[in-house]
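Residue numbers (the working numbering), protein chains in the order written: chain A, 93 to 544; chain B, 1221 to 1721.
Treat the hints as calculated values from the structure; they're not laboratory data. All values reported here derive from a predicted model rather than from experimental measurement. Some hints here could point you the wrong way.
Mimicking PhoX-like on lysine-lysine, the simulated pairs with C-alpha atoms at most 20 Å apart in a straight line are [to be verified]:
id: 1; chain 1: B; residue 1: Lys1399; chain 2: A; residue 2: Lys417
id: 2; chain 1: A; residue 1: Lys348; chain 2: A; residue 2: Lys248
id: 3; chain 1: A; residue 1: Lys442; chain 2: B; residue 2: Lys1713
id: 4; chain 1: A; residue 1: Lys399; chain 2: B; residue 2: Lys1713
id: 5; chain 1: A; residue 1: Lys417; chain 2: A; residue 2: Lys248
id: 6; chain 1: A; residue 1: Lys348; chain 2: A; residue 2: Lys328
id: 7; chain 1: B; residue 1: Lys1249; chain 2: A; residue 2: Lys417
id: 8; chain 1: B; residue 1: Lys1238; chain 2: A; residue 2: Lys399
id: 9; chain 1: A; residue 1: Lys442; chain 2: A; residue 2: Lys348
id: 10; chain 1: B; residue 1: Lys1425; chain 2: B; residue 2: Lys1399
id: 11; chain 1: B; residue 1: Lys1249; chain 2: B; residue 2: Lys1396
id: 12; chain 1: B; residue 1: Lys1322; chain 2: A; residue 2: Lys152
Just the calculated beta-carbon pair ranges, DEER-fashion [to be verified]:
id: 13; chain 1: B; residue 1: Glu1670; chain 2: A; residue 2: Gln117; range: 21 to 29 Å
id: 14; chain 1: B; residue 1: Ser1604; chain 2: A; residue 2: Thr103; range: 47 to 55 Å
id: 15; chain 1: B; residue 1: Gly1629; chain 2: A; residue 2: Arg383; range: 27 to 35 Å
id: 16; chain 1: B; residue 1: Ser1604; chain 2: A; residue 2: Ala108; range: 38 to 46 Å
id: 17; chain 1: A; residue 1: Glu379; chain 2: B; residue 2: Glu1542; range: 54 to 62 Å
Glycine included, C-beta positions come from ideal geometry on N, C-alpha and C.
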Amino acid sequence: MTNLHRYIPMTEQDQADMLATIGVQSTEELFRDIPEAIRYRGVLPMSGALDEISLLGHMKELAGRNADTDSYASFLGAGIYDHHVPVVINHMISRSEFYTAYTPYQPEISQGELQAIFEFQSYICELTGMAVANASMYDGVTALSEAGALAAGATKRSRIVISRAVHPEARETVRTMARGLNLEIVEVGYANGVTDLAELQAAVTAETAAVLVQSPNFFGCLEDLSAIEPIIHGVKGLFVVSTNPISLGLIEAPGKLGADIVVGDAQPLGISQSLGGPTCGFFAVAEPLMRRMPGRIVGQTTDIDGKRGFVLTLQAREQHIRREKATSNICSNQALLALCASIYLSTMGKQGLQDVANLNLQKAHYASARLAEQPGIALAFPAPFFNEFVIRLPEGTSVKELNLKLLEAGVLGGYDLGLAYPELAGHMLVAVTEKRTRAEIESFASRLGELA
Amino acid sequence: MTKTTDTINDSLLPASAKPEKALIFELSKPGRVAYSLPACDVPEASPETYIPASMLRTIPAQLPEVYEVDVIRHYTELSRRNFGVDNGFYPLGSCTMKYNPKINEDTARFGGFAKIHPYQPEESLQGALELLYTLQNDLAALTGMDQVTLQPAAGAHGEWTGLMMIRAYHESRGDKRTKVIVPDSSHGTNPASATVAGFETITIKSDARGMVDLDALRAAVGSDTAALMLTNPSTLGLFEEQIVEIAQIVHDAGGLLYYDGANSNAIMGITRPGDMGFDVVHLNLHKTMSTPHGGGGPGAGPVGVKSKLIPYLPKPIVGRREDGAYFFDYDRPESIGRVKAYYGNFGILVRAYTYIRTYGPEGLRHVSECAVLNANYMMHRLASHYEIPYPGVCKHEFVMSGRGLKQYGVRTLDVAKRLLDFGYHPPTIYFPLNVEECIMIEPTETESKETLDGFIDTMIRIAEEARTTPELVINAPYDTVVRRLDETTAARKPVLNCACS
């Protein structure tokens, strides 16, 4: 009875009855269409089976060898943040009617998911100031790539200008996308922590499909979107802004500043860090671009009795109908993480989102002031920032070594900017969320002062 | 939007009697809160002190003002208007809606997995890295490939990643190949992914048995063939018996073979894409490896390659040093680059690894045997009631045609809608495109004979209803929170958000 397994109900009697119905002697006969030459006859060299007790022990042992933010105070951001996840979120996303469902293809029995996505789209429009949003994307960086692809298609131009102050992994992903679609990428440098506007002006031409910026940018600094907007709109290209949704509790919505496409990662909105995935990208556009959006979109309608209901819509864009002519190859969304974000925004509400954004702002600025007081440590950039900022450490400091020492002290230090920006070796990107206490901030600052 | 609240408690009503569910925005009442934040413990200054007023938001986002019980009841009621595998049988062909084990959910939530940052020192991530490294190797063994990337977030993402590697491989040899061949039964994402990778798609017809037509393939391949994309078993549930010849034809022309792993649940431990001649494989962990579909995502679409494509894998991959330490290997100069932030959907990878460890290799083989037995049993029992276009043996799924019911005015869509009244999620319908009125059924291994029999009896009953009382089927469903929805108006006059402010 070696084949008994708690997920499989097949008994020997079932098997005998079913084979008899089919009219074959053995299960093996059902595989007679597979040529013998390509049959695998051994036991695959894979990890072996464990009983439930042993498996839990094994997984706990693996998990135990990672430093997690239950035990470590994190000053690490760079795209993934240690925000508080309201406890209600895990309870609601653990409702298996949500998490064990497929894409809502049968709307009559999927109204819960469809309405949840409709509400997510509404939340994203409200936060970003855009007219329409889709049901979500793999993550923020792939959302930015798709925005670039959309812009190239919409403008029939093949050059995309992207700021070096955009997340390095986003720029890498955009480059991979661009190779696929034979687009040209032009990178524009930064000055004082924000996109160099003179360089941007020079790079943008009548061939430019879009300008891609991030605000708050990778250094945490706020870009002057009002100054960038006329540069790209002057050549009738599209203005694409990647943003941090939690910052939009305080910071002006990019849609109000002329953005044509607003994207970002919803991870700050109640999604666990989980080594960087799964998260959830959001994607919002101005009205004229609606039918060019990639991914799933939910719309409101009525049923034959006139009752309000929701359906997947604008499917003429999608690959199961359009195949090679689809607007994108994406046929899924990050529904469960979009649900996290929606529940987060429902929980925080109008006041809570402002309050949490303000706590981030206040604590980050307090931390920056304490750090700047330390001998040899200075703020690298003068630009305004939200909850993340760059410090310059004393000449010759190895951020990697420093972070290993911090780890021993129970702290996850900031991101080593030298990894992605050689000219910023010895600079650390520090993130401070609402979770960090004054005591943790002060201890971090003084410890950095001692170690650096 | 006229409703301002849910005026009655509808949780105990039958589905069809439930009123419209208020949007969360419609539950808002100024002055209510559902959050709890610490007081600011650092000296506070007005935001204008730090940020120019011109950059600050002038009108707060108009989010709802509700309290915690509203949040819980709202999402609980939404969940009750949804149907998942835990609610009942979900024989959605090509989607492998198997049971999503609960231990997977528990392990993925361990703090040491859920609360770790991608940029922590590698020294503080050794458990996570070991898991990723082991999973890479396990999936390579399962598929017969030499190396695996875990970065792609979904099946379609894996397809594109694989095609980008194929493109890089040909380009590195100075070989300009522009065309990707797909059979007419392929998933729509195959040609869509080919387009995004810069290829032109050639679609070839299947033969009368539903297999790749070798003559059509021979006619299609040439010096411009970059790859053939194939799902095997196909979306018809049939194994390509001539796969070795197919591989030979494509390879002789200098092209590569791409394996769409959507249907891997049929073949684990029985045959491997690598042994069939495929050069690149993606797996859908949300299908074969039991990770939950989440209502549309997240998934994971790891890609395995043969050795000649290893240089082009996205970076980083996880490596192991001689001293046993695990590390992210970024030193890959010929890599296609990055396809996603960080290292893939780690939370999903934890679930998939947990799943593999509940079975081991022999258990996984048993999974496929049971999945195939269940599908063949259903096909045989339904054969006298619905048309089976490709009789014989099927693999983990099979297709039927509902065209025999058209004479009564009943379409496949109507059969699907009628199934809702009996508490079943319908099969995949109208796919693949080359079968008229197609009904595609995939039972998976986690369903019992009793469940299969119940569904089969219901399908037989609906066929009988179609003959005797077709209006009953045509007007279904009756017992759902909404009935058939007006999709045409939804697309023509889109209402895509509640325009709350």
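Cross-check of the supplied hints:
For a cut-off of 20 Å, the pair hint linking Lys1399 of chain B to Lys417 of chain A stands: about 15 Å separates their Cα positions. For the proposed pair Lys348 of chain A and Lys248 of chain A, the alpha carbon gap of about 25 Å is over 20 Å, so the pair is violated. A hinted pair counts as satisfied when its Cα atoms are at most 20 Å apart, and Lys442 of chain A with Lys1713 of chain B does not qualify at roughly 29 Å. Proximity of Lys399 of chain A to Lys1713 of chain B is assessed by CA-CA distance (about 17 Å); at most 20 Å being required, the pair is judged to hold.
The hinted pair formed by Lys417 of chain A and Lys248 of chain A meets the criterion: a straight-line CA distance of about 15 Å does not exceed 20 Å. With a C-alpha separation of about 18 Å, the suggested pair Lys348 of chain A and Lys328 of chain A falls inside the 20 Å cut-off, and the hint holds. With a C-alpha separation of about 46 Å, the suggested pair Lys1249 of chain B and Lys417 of chain A falls outside the 20 Å cut-off, and the hint is violated. Note on Lys1238 of chain B and Lys399 of chain A: the hinted pairing holds, with a Cα-Cα distance of about 10 Å set against a maximum of 20 Å.
A threshold of 20 Å between alpha carbons decides the hint, and for Lys442 of chain A with Lys348 of chain A the separation of about 18 Å falls inside it, so the pair holds. Of the supplied pair hints, the one linking Lys1425 of chain B and Lys1399 of chain B holds, its CA atoms being roughly 16 Å apart against a limit of 20 Å. About 63 Å separates the Cα atoms of Lys1249 of chain B and Lys1396 of chain B, which puts this hinted pair outside 20 Å; it is violated. Taken as a hint, the Lys1322 of chain B and Lys152 of chain A pair is honoured in the structure, with Cα atoms around 16 Å apart against an allowance of 20 Å.
Roughly 24 Å separates the CB atoms of Glu1670 of chain B and Gln117 of chain A, a value that falls within the hinted 21 to 29 Å. For the hinted restraint 47 to 55 Å between Ser1604 of chain B and Thr103 of chain A, the CB-CB distance of approximately 26 Å leaves it violated. For the hinted restraint 27 to 35 Å between Gly1629 of chain B and Arg383 of chain A, the CB-CB distance of approximately 34 Å keeps it satisfied. Checking the proposed 38 to 46 Å range against Ser1604 of chain B and Ala108 of chain A shows it is violated: the Cβ atoms sit about 22 Å from each other.
Evaluation of the 54 to 62 Å hint for Glu379 of chain A and Glu1542 of chain B yields a pass: the beta carbon distance comes to about 58 Å.
In summary, the structure is inconsistent with hints 2, 3, 7, 11, 14, 16 from the numbered list given earlier, while agreeing with the others.
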